[in-house]
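J.: Below are the chains, spelled out letter by letter.
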Amino acid sequence: MHLPALYRRLLSLYPADYREEFGDEMAWVFQQAHSDIRRESGFALVIFLARELQGVLVGSACERARGLFDSHTHASWKGGSMESKFRFPRATLVLMLLSLLAVVLSLEEARVVEMHYGNKVGMPPEWPMLLWIFGRILLIALVVASVLWGIFFALRRSGIQRLEQLKPWHDQK
Amino acid sequence: MEERLPLTEPVLLVLLSLAEQPRHGYSILKDVERMSDGRVALSTGTLYGALQRLLSRGWIERFEEAESMRDRRAYRLTTQGRKILQAEVARMKHLARLARLRTAKKGA
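Residue numbers (the numbering used here), protein chains in the order written: chain S, -18 to 154; chain A, -13 to 94.
Bear in mind the hints are in silico, worked out from the structure with no lab data behind them.
Accuracy of the hints is not assured; some may be wrong.
From the structure, some residues in chain A lie toward chain S, with a derived Cβ separation under 10 Å [stated by the list, open to error]: (1) 15; (2) 27; (3) 32; (4) 78.
Computed far set for chain A versus chain S, every beta-carbon distance over 12 Å [what the hints assert, rightly or not]: (5) -5; (6) -2; (7) 65; (8) 82; (9) 84; (10) 89.
Predicted model only: the values in this text are computed from it and were never measured.
Where a beta carbon is used, it is the ideal one built from N, C-alpha and C, also for glycine.
The whole structure should be built from the sequences, with the hints applied where relevant.
T.: So, in structure tokens, the structure goes:
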């Protein structure tokens, strides 16, 4: 398979709308750059291919991440304003997963504490176990903080703060 | 505007390339390499990632040239993009002047 054709295949790592917007241009630019570099040494070709591969892998990962956290960005490439006033951000999915993780960790923590101290009332806990528990509490605090941040982020992205700016219909007339 | 500064070197070079004249993607790639004496060699993926960010910020715009194919659309600087570039150049000039003054005092 020719390298430009292989590069076009690699572009499928990008989100579909990004590919639709830039895919043809990227394939053409790669083809031009590739035909230039073929006149140089084999080492230059290897460096070029490594750079292009890294560019596609990092670029597509960034675009996928951006698509997950910033669902309105894609509309703005095309100059149009396709943002809806109230939307369900995809970050909410991440938030739900974090919440689930926090619940599972809390249940696991409760089970460990119950197992170790359930029948040792009044006995001082040993240090390694204390450190272990503190570490887990820290982890839970981190997850809870992420969840709280996620809630604020989701609310802000959902446009709920704009509710305050809404005027009754009769005021707008 | 200042909160977007400083610009990264690839973004600065892309803007400088478009400040001279509108260009296609491949032309930007070659111009950036030429301006940096081969030190900054952007991959196609990196270039289009930067172009997409610049488009979404409204610093550049894409346009179709007459008799142009879809895979050869060109980019040009917007008024906002030019202002950002001027602000960045002014910031760098200030830093260079400061560095010259401080290093001159040290040497004296």
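J.: Decide, hint by hint, whether the structure agrees.
T.: Going down the list of hints, with the structure as the test:
The beta carbon of residue 15 of chain A is positioned within 10 Å of a beta carbon in chain S (closest approach about 6 Å), and the interface hint is therefore held. Here the hint on residue 27 of chain A is kept, as its CB sits about 7 Å from the closest CB of chain S, short of 10 Å. Against a cut-off of 10 Å between C-beta atoms, the interface hint on residue 32 of chain A holds, since the closest Cβ of chain S lies about 5 Å away. For the restraint placing residue 78 of chain A at the interface with chain S, the shortest Cβ-Cβ distance is roughly 27 Å, beyond the 10 Å limit, so the hint is violated.
No Cβ of chain S comes within 12 Å of the Cβ of residue -5 of chain A; the nearest lies about 16 Å off, and the non-interface call holds. No Cβ of chain S comes within 12 Å of the Cβ of residue -2 of chain A; the nearest lies about 19 Å off, and the non-interface call holds. The beta carbon of residue 65 of chain A is kept farther than 12 Å from every beta carbon of chain S, the shortest such distance being approximately 15 Å. Every beta carbon of chain S lies more than 12 Å from that of residue 82 of chain A, the smallest distance being close to 30 Å; the non-interface claim holds.
Residue 84 of chain A, annotated as away from the interface, keeps every beta carbon of chain S farther than 12 Å; the closest lies near 34 Å. Chain S leaves residue 89 of chain A outside its interface by the beta-carbon criterion, the shortest separation being 35 Å against a cut-off of 12 Å.
In summary, the structure is inconsistent with hint 4 from the numbered list given earlier, while agreeing with all the others.
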